[in-house]
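Trainee: So the chains spell out like this:
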Amino acid sequence: MTEGTLLEWLVGPGDAVRKGDAVAVVDTSKSAVEIECFDSGTIDRLLIEEGTTVAVGEPLAVIDAAATAPREPAHPRADSQAEPVAPSLEPAERPAPEPSPAPEPSAAAARALPQASPNVRKLAAQLGVDLRTVRGTGRRGFPTRKDVEQAAGRTAERTAHVEQREPERPSTTATSSGRRITPYARRLAAELGVDHDALPRDRVVRAADVRAVAADTGGEERPAEVPDDVRPEVAVPREPRTGAARTGMRAAIADAMARSKREIPHYYLATTVDVTETLEWLRRCNRDRPVDDRIVPAAVLLAAAAAAASTVSELNGHWLDGEFVPARSVDLGVAVSLRGGGLVVPVLPDAASRSVAEVMSWLRGAVQRARAGRMRSSDLGAASITVTNLGDLGVDVVYGVIHPPQVALVGFGAVRDRPYAVDGLLGARSTVQASLAADHRATDGATGARFLTALQHHLHRAKE
Amino acid sequence: MNNPQATDQVGELVAVSLRTIVPDIDPAVIDGDAPLQEEAELDSLDFLAFVAQLSKRSGLRIEEDDYGELGTFTGCIDYLRRRLGGQG
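As given, the protein sequences belong to chains A and B, one line each in that order. The first sequence runs 0 to 463 under numbering that gives the first Met the number 0. The second sequence runs 0 to 87 under numbering that gives the first Met the number 0.
Since the hints were derived computationally from the structure, they do not count as laboratory data. Model, not experiment: these values are computed from the prediction. Zero decoy hints are in this set.
Partial list, computed: chain A residues near chain B (C-beta under 7 Å): (1) Arg282; (2) Asn285; (3) Val290; (4) Asp291; (5) Arg293; (6) Val295; (7) Ala297; (8) Val366; (9) Asp391.
Short derived list, chain B residues pointing at chain A, Cβ under 10 Å: (10) Pro34; (11) Glu40; (12) Asp45; (13) Ala48; (14) Ala51; (15) Arg60; (16) Glu63; (17) Asp64.
Glycine is no exception: its CB is placed at the ideal position from the N, C-alpha and C atoms.
Just chain A, same shape as in the assembly (with noise of 0.2 Å):
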């Protein structure tokens, strides 16, 4: 990933922003990403225009950061820079959250984009390095100049290739009928079906002309059509996605699930928990909140994960350069199925310090971004651990394949009742199966099986 096509501007010069609003969409090759605003103050100028393809560290827009004084305190680098300029695909040098649109969702999920200093980064964009591909031997495992000029060489001719597989799309295309239309408005007008003649003839079509014709016509009931250059390579897709996007994601995947299979010598355990006295305290929760706002388990399952993980702190972290480096704190991946295939893994940044509330409002908003296609640059963090929770497709017990660069992957499967006994007399209760898939190089079994005692201690007293 070394450059981005700036589809749609969220906001625009004179609006007021706060550190982690959504600002604007980029494409990658993947997938649209809403970009976070990692400033706040107020929009000055928009530097790109839609539709532009920009490099990954060029400049977007200028933030006034001066205008929001009053209202809290400046971030100290705004008073000595006068214009400070962002946010930009890439950050220079703010640490996070990180902006960059660079991971398709799925590579978030596998492999993080590591941490690596703005030049180094800059040297990556201009030689077409994805980052993600570099095996660092700095610092902590942090590419260095030199780990990106040997990649260099090495991607060429796999870079050359995927340039080949995906054409670059042209940043506004006229269509059969004439019209000037942005990629994203186009691929939109596919999804809601709304026919090109209806949009504005007189000057670019954008994402909003489209959605205000789909609006009037009520388009989103038609079938969509897919363009012959976007059609998914999955059968019937749930929601559409186009083919590029598809394609990019499972190669992603098996890209990455290939890489562990063939250097992560995996150990699995799994142990089953009674959740009933859990479960029967969620319900007591759930009675008392509104319908929209209540708590499924899977957020208890997650809670649970990350204070285990935080406890036995051997999992929760990456292995780098034959070594094991833990994390400072559990930043939660969770994978998410999409309808009609595909996989994200959205993460939860320090998981661990959140509350079963917090964590099902974030979980609830993150799925709903996976599958919208539409996550936020906060979204895309890097894992310290990842959990799937299968079981809500009916599986009983998950056996993972870790996420590489990472340790260890839980899962839980389905939570029904089971006969069980207690104090010596079987019944049905509510039990889960939980199980862990942890990296042999890392840790041992004993680490695991703490992991897992762990787990269900935090399972049996979730509390808000």
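Given the structure of chain A, go ahead and fit chain B onto it with the hints provided.
Mentor: Just chain B now, with coordinates in the frame of chain A:
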């Protein structure tokens, strides 16, 4: 079944609620007696969103204890008809 009009309307309510969650689903091809979560590939978040839709559109608060009755498309219709007291 003694009030086909009401059944149609309630059926439409269930169908619209389901389509909100799974936009391209055709309720006509759903097996009304098959487990709905499997038929429509609903995970627990989808199911919660579906129940929220049913609740919003019918004006009824649906408790978790009643989820058992909402396991099939037909079950949802029967449940709503009963709660709505057979009114049109």
